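**Q** All chains, full assembly: derive it from the sequences and hints.
Residue numbers are given in the UniProt record's numbering: position 74 of the sequence shown equals residue 74, and the series is strictly consecutive.
Hints may be right or wrong, so weigh each one.
DSS-like mimics (lysine-lysine), calculated; alpha carbons at most 30 Å apart, straight line [unchecked claim]:
no., residue 1, residue 2
1, K145, K98
2, K252, K299
3, K366, K186
FRET-style restraints, in silico, Cβ to Cβ [said to hold, decoys possible]:
no., residue 1, residue 2, range
4, S330, E78, 52 to 60 Å
5, K280, E242, 29 to 37 Å
6, T312, N244, 15 to 23 Å
Simulated from the structure, these hints should not be mistaken for laboratory data. Here the structure is a predicted model, which means the values were calculated and not measured. Just so you know, even glycine gets a beta-carbon here, dropped at the ideal spot from N, CA and C.
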Amino acid sequence: MKKNRVLFYPSLVVSFFLIFLSCKNDDPEPVFAAPVVELTEVGLQNSKIGFVGGDLHIEGTILSEALIQQIEIQIHQEEGGDFSFGKAYTDGKYVNVKNLDFHEHIDIPVDAPLGEYHLHLTVTDQQGQTTTAEAELVLDRKGAKLEGLQVGSKDDRNDGIANAFSKLYIAADIQSQKEISSIKFKAAQQGSENGTELEERDITNSFNKSTGKLSAAVDIPIGAVVGDYLVSLIITDADGNEVNITREIQVKNTPFVEDFEVGSGHGTGERTDRIGYIGKDLHIQGTVYCVINRLKSIKVKIVQDVASNPYTATTLFDESTNYFGAIAGSRNDFFHQHVDLPADMPAGNYKFSFTVEDRTGGVYEKLVNLELRK
Numbered sequence: 001m002k003k004n005r006v007l008f009y010p011s012l013v014v015s016f017f018l019i020f021l022s023c024k025n026d027d028p029e030p031v032f033a034a035p036v037v038e039l040t041e042v043g044l045q046n047s048k049i050g051f052v053g054g055d056l057h058i059e060g061t062i063l064s065e066a067l068i069q070q071i072e073i074q075i076h077q078e079e080g081g082d083f084s085f086g087k088a089y090t091d092g093k094y095v096n097v098k099n100l101d102f103h104e105h106i107d108i109p110v111d112a113p114l115g116e117y118h119l120h121l122t123v124t125d126q127q128g129q130t131t132t133a134e135a136e137l138v139l140d141r142k143g144a145k146l147e148g149l150q151v152g153s154k155d156d157r158n159d160g161i162a163n164a165f166s167k168l169y170i171a172a173d174i175q176s177q178k179e180i181s182s183i184k185f186k187a188a189q190q191g192s193e194n195g196t197e198l199e200e201r202d203i204t205n206s207f208n209k210s211t212g213k214l215s216a217a218v219d220i221p222i223g224a225v226v227g228d229y230l231v232s233l234i235i236t237d238a239d240g241n242e243v244n245i246t247r248e249i250q251v252k253n254t255p256f257v258e259d260f261e262v263g264s265g266h267g268t269g270e271r272t273d274r275i276g277y278i279g280k281d282l283h284i285q286g287t288v289y290c291v292i293n294r295l296k297s298i299k300v301k302i303v304q305d306v307a308s309n310p311y312t313a314t315t316l317f318d319e320s321t322n323y324f325g326a327i328a329g330s331r332n333d334f335f336h337q338h339v340d341l342p343a344d345m346p347a348g349n350y351k352f353s354f355t356v357e358d359r360t361g362g363v364y365e366k367l368v369n370l371e372l373r374k
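**A** This is how it looks when you write it as structure tokens:
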């Protein structure tokens, strides 16, 4: 009996030890609360404003019981756009810590569209739990602000066309808290590694500081390479803040017409009223330019604006025309003629076309609405 009791006690001890280990392994993993995140400042002095090409000031506080694994900032456009940018912090001073004051400056891309954005500051802890703090902000442009920009030819200041042997016309309203110190014009051809650049121009003198209006005319040389160009207006204020506004234009060397007029008579208002009186003559005037080669012909065509059997009247000015003989073969000339409107023309709305052709086959057409009255 004594021998059996001695054997029993060791086995009992082993049993209790195994039970203890089993209970210890069954203890649940510690549960940590999700990170607590607060955004305290977005933009300087919590202005909720960032400036394109600059950086965005961001401050916040973070408490993470399970220690921080990653901090991510995402900034995206609100409705109507898909532009986004951001930054992630996966090492360094912000990782494997429990609580901290977050303070960073995020670069804002220079090509970021202006407008309303949404910011997300997301913290992920070592257990994979995430918490996001959000804020609204606006991206603006530091320095001058430009509105109502128009770039184009003389007769249509917003058509995006620059004619060689003429000028590119630029108009805009410029607002700035600081005085404008300079405005420069650049244009570079697109779609080619060795694209042509037009000569840089300083157009500061074309800016009226009292009204805030820019009105400039930049010469396009007769030998300008045709094609698509990117125009840049570089506006610098007195503090050195620089704004670069770009627009696409097309440089052409086909014929073109400037200061075009069509109307009922010689009076100031009548020359451009785009009205004609049947049985009388129609005033037509403009300066005709042929860039590459000399002038070959000018055709005036008036077509009734109806679906079927439109009335059509055509007048051709070429070398067989007495008047045309004086300007045929020139590169540019002032055209002024009066075309008879036949008495049998129906009254109503018409399309008026003024077509210029040079000796290489280059063609320009000016198309306007015309009203004919009895």
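**Q** All hints, please: hold or fail.
**A** Do the hints match the structure? See the list:
1. With a CA separation close to 44 Å, the supplied pair K145 and K98 exceeds the 30 Å bound.
2. The straight-line distance between the Cα atoms of K252 and K299 is roughly 21 Å, inside the 30 Å bound, and the hint therefore holds.
3. For the given pair, K366 sits about 29 Å from K186 by alpha-carbon distance, which is consistent with the 30 Å threshold.
4. At roughly 57 Å, the beta carbons of S330 and E78 sit within the given window of 52 to 60 Å.
5. The beta-carbon spacing between K280 and E242, approximately 57 Å, falls outside the hinted interval of 29 to 37 Å.
6. For the pair T312 and N244, the supplied restraint of 15 to 23 Å is violated, since their beta-carbon distance comes to about 50 Å.
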